[in-house]
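Here is what each chain is made of, one letter per residue.
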Amino acid sequence: MIPALLALSILTFAASAPVLAMLRRNPRAASRLGPATAVAGCIPGIVAAILTLAGAGPASATASWSVPSGGLSIGMDALSALFAIPVLIVSALAAIYSRGYLRHAESEGRSTAPFWAWYDLLAGGMLLVTVARNALLFLLGWEVMALASFLLVMFDAHDPRVRRAGWIYLVATHIGTACILGLFAILGHAGSLEFDRLALPAAFPAGIAFVLAFVGFGTKAGFVPLHVWLPEAHPAAPSGVSAVMSGVMIKTGIYGLLRFLMILGTPPAWWGWVLLAAGVTSGVVGVLSALAQHDLKRLLAYHSVENIGIIAIGLGLGLLGISLGIPAMAFLGFAGGLLHVVNHAVFKSLLFMGAGSVLERTGTRDIDHLGGLSKRMPATSLCFMTGSMAICGLPPFNGFLSELLIYLAAFAGLSATAARVPAGSTAGLLATGGLALIGGLALACFTKAFGTVFLGEPRTPHAAGAREVDASMRTPMIILAAACLCIGLAGPAAAPVIGPVVDSVLAGFGCTVSTGTAHDALGALSAASVASAAILLLAASVFAARSAILRNRRTSTAPTWGCGFASPAPSMQYTASSFADPIVGLFGAIVRRRRRFEEPAGLFPASTEFSTDTPDVYQEKLYKPVFSAFERAFSGFRVIQHGRLNLYVLYIAAALFALLLWKL
Amino acid sequence: MTIHGLLSIIAGLLLAPLLQGIVNRTKAVFAGRRGAPLLQQYRDIARLLRKGAVFSGTTTWIFRLAPSITLACVLVALVVLAPAPVEQGWGFAGDALLLAYALGLARFLTVAAALDTGSSFEGMGASREVFYSALAEPALLVGIAVLARVSGGTSLASILQGAGVAGWVSAGTALALVGVSFFVVLLAENSRVPFDDPNTHLELTMVHEVMVLDSSGPDFALVTYGASLKLWVFSVLFASLAVSPLGLSGFALLGALTAAVLFTGVIVGTVESTMARSSLARAPLLLAGACALSILAFILASRFLS
Amino acid sequence: MTAMLDTVLVALILSNFVLLGSSRLSSCIRTAALQGIMAGLLPLATAGAGLSLRIVALGLAVVALKGFVFPHLLNRALRESATSREVQPFVGYTPSLLAGLLALAASFWLDGRLALPTHSASSILVPVSFSLMFTGIFLLVARRTAVNQVLGYIVLENGIYAFSLAVVRDIPFLVELGVLMDMFVAVFVMGIAIYRINSEFDHIDSDRLSTLKG
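Protein chains in written order, with the numbering used here: chain A, 1 to 664; chain B, 1 to 306; chain C, 1 to 214.
If you are wondering where the hints come from, they were derived from the structure by calculation, not from laboratory data.
Glycine residues also receive a C-beta, built at the ideal position from the N, C-alpha and C atoms.
Each hint should be verified, as a subset may be incorrect.
Between beta-carbon pairs, the in silico distance windows are [to be verified]: (1) B/L246 x A/G523: 53 to 61 Å; (2) C/A115 x B/L246: 38 to 46 Å; (3) C/A115 x A/G523: 52 to 60 Å; (4) C/A11 x A/S547: 31 to 39 Å; (5) B/A259 x A/A464: 50 to 58 Å; (6) B/L246 x C/A11: 46 to 54 Å.
Please model the complete structure; the sequences and the hints are all you need to start from.
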């Protein structure tokens, strides 16, 4: 039943892609059929995942595949289902959103048929990655996903910056794939690539396999310093695609890491430390880099790095809990990390859709050119505000629950009376301090983004002339915003869903946790939701009382108090760059901001310019030198690259002859 | 809930504006003035509640809604924290995070309301508010982690009650350092000297006061009351640590705690009278110092307990 | 007794933080003097029941030298050289503080790894001495003015002194005296050097000594 539903889902995506690609001449049909097939493809998969989580248990099916050591094995267990649900729901909602978003491109006479073809392939590829039970099939899904998303990023390829972003993405993703290939080559030494047959060769150092998995999947997930493609590619893609890529596609990296770590067996402590350190580093570097940006979508992309960091902190605590023998820390760490996977999918796709709506209506992504949009785009504004509060981990929204669980994992490491291991408390301290710093900085970043874009007065005519987006773009955002609140208030319901998933992961690592500890720990979720509801109720009653008082009073409207200044102008408002300046200045060692400033000259300076930009430190200092060195080294090969076809044929013939001679 | 827990909440609700009065009176005594009456803040709030309101034309519903939600968040923080030192089994595992993040929500909305007015001064205040609190957050939570390490508990009640006499005997220096760190966080979070001078009426120099420049009438009453409650909440955190070595219980503990909270007001007033507001460049160093104290306390606590 | 000793040791760490975070040379000198006095009092606290006249005398000598003589010399050098009263760090104050924290964590970790014979009076004496040494080295490296480098050297010496207290139960008087002589000579030389530098170049910025090379 469940494998059939999954196959139906994947086949729908696979079959509709070529059909859509053929509709290039008929854009109207493509723009209707595209979202329809994407949504239709998602539905059976969602049903299958929900059935699995509702207690149907793991299921799998295998069909033969004529590829050496390949097999069409798909299956779904709790872990797959937990990743498949956000993947499919976000894909469906982003498809509906993209229908409205692409209208602009259509009005310019560009065909959206290829977009929808790649989009279906992307969704199908992501689903295949989460349900594949054969390494070759997994790789197929992985590559389809990578290539489809690359082509989607290149949708606006007439812009040279987009082309550059696309190439960086393509290179990065294939460095990751190379590592994963290496990992599979090691694990599949016995000949079969079925997941349940994969195993490390005897006496092979597991550490090498771990490093391959960490780099391979970490590149997709975006751990610092493997993140450099992320702030390039996500802003360049059309916003619906950014929502999918940032919201769910990078999570396949987390899924892959977790899935293959379980195959590698009981983790030694240093794996946990690596993951925890990567998490804290990614979180802090991500949020600080985000603070320094004034491109809204680039800011959000850096926040994906930050949130992947939070997830990695949870998983790192989980692994450490297993290897140090602190079961509560293991359980809570995995629970928090996995719940954050779902939560981040919800609010990050919401935020990218919000940013896309702003971009669509104002034509700019520069935060400092916006302002005052909450009056002009009220629904988008409310949704973006919800997403901002959720991503800061504030109650009553969903982000709070997952961060609470990770903090509880850290506290379990601190105060486990049975196992007062120093390592556990050090890990707890690192996670607590890191999460607290990340939380405070995230709040700074999102008050900056939300406040500058949506509040105050419009800073440019683009912002002043903005209108609300249409229903096809609004509805997905409203659904996601409602989901942020509902998950936040559904703490009691979250426990039975997340509990079995974590149990299955722990069982995969050969560790069992008594249900007692688990239930105690997840009880905190219920209490947190009650407290969240209390905040909402109290706020509503205070507001009602205050409104009742004001009803009989005289209220009037006046201009904002300008501290005596006679003619304030919108351009005098505090900008996002100024807002973030103290923090960015303090952490100058981590984020390098470049200033360009023309000193005003003369007694009556006519005009002057000031601008800042913050390039990625890792890209500038780590990758650029390395890749330039490669470029220099390989530039010698240009001699044989001259564009004469007849000589190329000679090369081929020569190579074939050489092979023949070698084999003889 | 026992009578002690209930009384601790009621004390907070009723006495919070008095705490502000004590701070101001202390400052007046140091300056050789007679000063405003101790109950001045109650009068201010009552007066504001009787007034109408003026709203800036730039503002939206966020500006009107923010003071109510902010107050609700601080109220929830009070209910979570105030009974924790006196009531056994209060709260839940990780309620310290609820405390921190509910105050975070309050901060988000205060900042959003400030930015909603489009005023550059309020933007400046908002920027400093998020700057200071981003650094205060690790100091606070690592401090709580130290208490959790010493007491072995996970809820605020078990943390604050567990770090009693035994905790002071085994890891007294660590707890004292956490106390200092909490006090610095109190000063930063409540915009007191040396982080901010609530007395100056020059908009450029302020943090919290400048963010609420455009609030008026009942909304401003909510803001003022919320600020008093927030000071109370942080004072309870500091004071409960300060009275924990006495090993009291029941009404004696409740009385000592309340007295200690009010005395915290005297300390804050003394600090404010004897110190100058530090420059903007020095303030983060102070908060980094508070973080350093918390981490030092953690290292010491780990060593003393093992 | 243990509680008091621990308090002194924690105060030593705190004085490290103050040294790393303060921007005025005069307050750095004052803090270093205070640290010297606390270090001098350490043998009185660690000795416990075996308190003898010799220990008291040595402690008092250290207090007098580090708490009063050295600061006086340094203050005079500072006054006479008429240079900036600011620290002028290579590494900013907040990063310095962070480095101090890392050094502290490293000291505790190192103490756990080395498994040295711990002193019965306090379990944190050895790590605190490590952290003093690390902070001293950091100050030597990361500060620009010669006065601050002297201070870094004094902090380093305080660390060595505390370490010798922890590891060698019976204070080897000669070693102590040797160390103190070292110190004295060092400060003496530095004082002269500062004075010379001042009379020749009008500043005590050792960074600019590099411009002397050909």
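Results of checking the hints against the structure:
no., hint, verdict
1, B/L246 x A/G523: 53 to 61 Å, "violated (32 Å)"
2, C/A115 x B/L246: 38 to 46 Å, "holds (39 Å)"
3, C/A115 x A/G523: 52 to 60 Å, "violated (42 Å)"
4, C/A11 x A/S547: 31 to 39 Å, "violated (55 Å)"
5, B/A259 x A/A464: 50 to 58 Å, "holds (57 Å)"
6, B/L246 x C/A11: 46 to 54 Å, "violated (24 Å)"
Checked against the numbered hints given earlier, the structure breaks hints 1, 3, 4 and 6 and satisfies all the rest.
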